[in-house]
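Here the protein sequences line up with chains A and B, keeping their order. So for the first sequence, the numbering used here puts the first residue at 1; every next one is plus one. So for the second sequence, the numbering used here puts the first residue at 157; every next one is plus one.
These are calculated hints, taken from the structure and not from any lab test. Since the structure is predicted, the reported quantities are computational estimates derived from the model, not experimental observations. A portion of the hints provided could be inaccurate.
Okay, the calculated bits of chain A under chain B, using three or more residues with CB under 8 Å as the criterion [unchecked claim]: (1) 26 to 37; (2) 82 to 88; (3) 132 to 140.
Simulated DEER-style distance windows between Cβ atoms [to be verified]: (4) B:SER165 / A:ASN98: 48 to 54 Å; (5) B:PRO371 / A:ASN98: 52 to 58 Å; (6) B:GLY316 / A:GLN108: 43 to 49 Å.
Cβ coordinates follow ideal geometry from the N, Cα and C atoms, glycine included.
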Amino acid sequence: MGETMKDRENQFTTRAMIPRFFKAIFKTAIVYILFIMFSGFTIPFEGFYDYKLLFTVFVVLYMVFVFVTELVRGTIFQHIVSIVQSLMIVIYFAYILNTGIINFTVEQINLMVDLRFFLAIFVLGSLLGFAKSMLSLLNWMNEKEEQWLQHQIKSL
Amino acid sequence: MNVPLRALSWATRFFWIIALAVAVTCVYSATLIRVDFGEPLMNYTEEEFMVTLPIIFDNNGYYSIADLNITTLIVDFENRQFSVDSTFIAQIPPQNNITLFHNVSFDINEIVTRAEYLFNDSNFTLHGSVFLNYASIIPFGFEANTTIPWGAPLFNFTAGLPEYSSYNGTHLTVHMPTSFQNHSPYFSVTGTIRIEIFNDRHQLLGVGTVFADVPSNTNYEGEVETIVNAAMVTERGQILVFVETEMFNYGPMVINYG
């Protein structure tokens, strides 16, 4: 492809990685702080439907994606991670929302919540993200190809 | 490519911000809803026993509660249905509270015409369900069951053997002991116990009544007296016992004597 071996090497040198690593830690920390703040709203729902476990799994996965995305920013892997993240969100919400209708029992009371609207919104949002990531990937490849062509033209 | 890509990025960001804002405010708003139950009011007529349950919905959230439907169903131990009642509220706007009165009524006659409920304690099952549409986008519902104890108003009803005593030269006084326990927590047994005495030729010898006022969870012991013609009394015969109260009528209970 358009990217030269030297470019690739430059992207993963220790010198290039250190600021990215700290940036990734910083962004992951922000996500964690948001998680701590948001978890206050979910206290009334703790104990329902393994809620805390599922919520924690989601946040951990999301933090991993934020960390990895930042670490590989500017490379093709950034877009691949972004695509995987979008698909992961779709699968995660489809799984935890049990196709949108949640039934659970609390102290002999059967509860039913129909979250199909939210499932549709989350899936739609994730698909938007997926489309954006695909376009970003195409754009990135296109730019690299253009760079390579320009490099070839100059060398002629 | 850069411009549409940037537009899509912003669109995605706005989309997620709005979706998360709606989700978070929905969750937070739901925690602001308060539901309280008032003191139930009981009312009974000759035909119907009605419990009115005041329910106070205090919607302090940001979204309305729509299509609120409360349903109660009462069944007995054999799953026979005694009552189905529903209360529907079209909408409770945000920052509003509303007191609704859900009536649970059942036909007393339906219960008391079944002898098993007059003489035996039992349990009814109350199935309650609430369905609503929160913020017009989240249908929500819950169902619960509870047991309602039924106390028999004529528990352990006993009519003893008649005892005779002389009234005058031609007539006898018949004393018939009766006893029962009013186990009902809901109503008193107020009415009369009537007996009709027949000889073995099916001739009516006499009719006697006694008034009884037996509050909930108390015992009754008394006797019914009647005067009969001594010449018509035979060694064998039948006594028919009737219980006639404000709430129910029962009878005849046939007792063979002799």
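Do the hints match the structure? See the list:
Here the stretch 26 to 37 of chain A counts 0 residues with a CB under 8 Å from a CB of chain B, which misses the bar of 3, and the coverage is violated. Counting residues of the stretch 82 to 88 of chain A whose C-beta sits closer than 8 Å to any C-beta of chain B gives 0, which falls short of three, so the coverage hint is violated. Coverage of the stretch 132 to 140 of chain A by chain B holds. Counting CB-CB distances below 8 Å, 5 residues qualify, and the rule asks for three or more. Between SER165 (chain B) and ASN98 (chain A), the C-beta spacing of about 31 Å breaks the proposed range 48 to 54 Å.
The hinted range of 52 to 58 Å is satisfied by PRO371 (chain B) and ASN98 (chain A), whose Cβ atoms lie roughly 53 Å apart. Range check, GLY316 (chain B) to GLN108 (chain A): Cβ separation about 45 Å, and the 43 to 49 Å hint holds.
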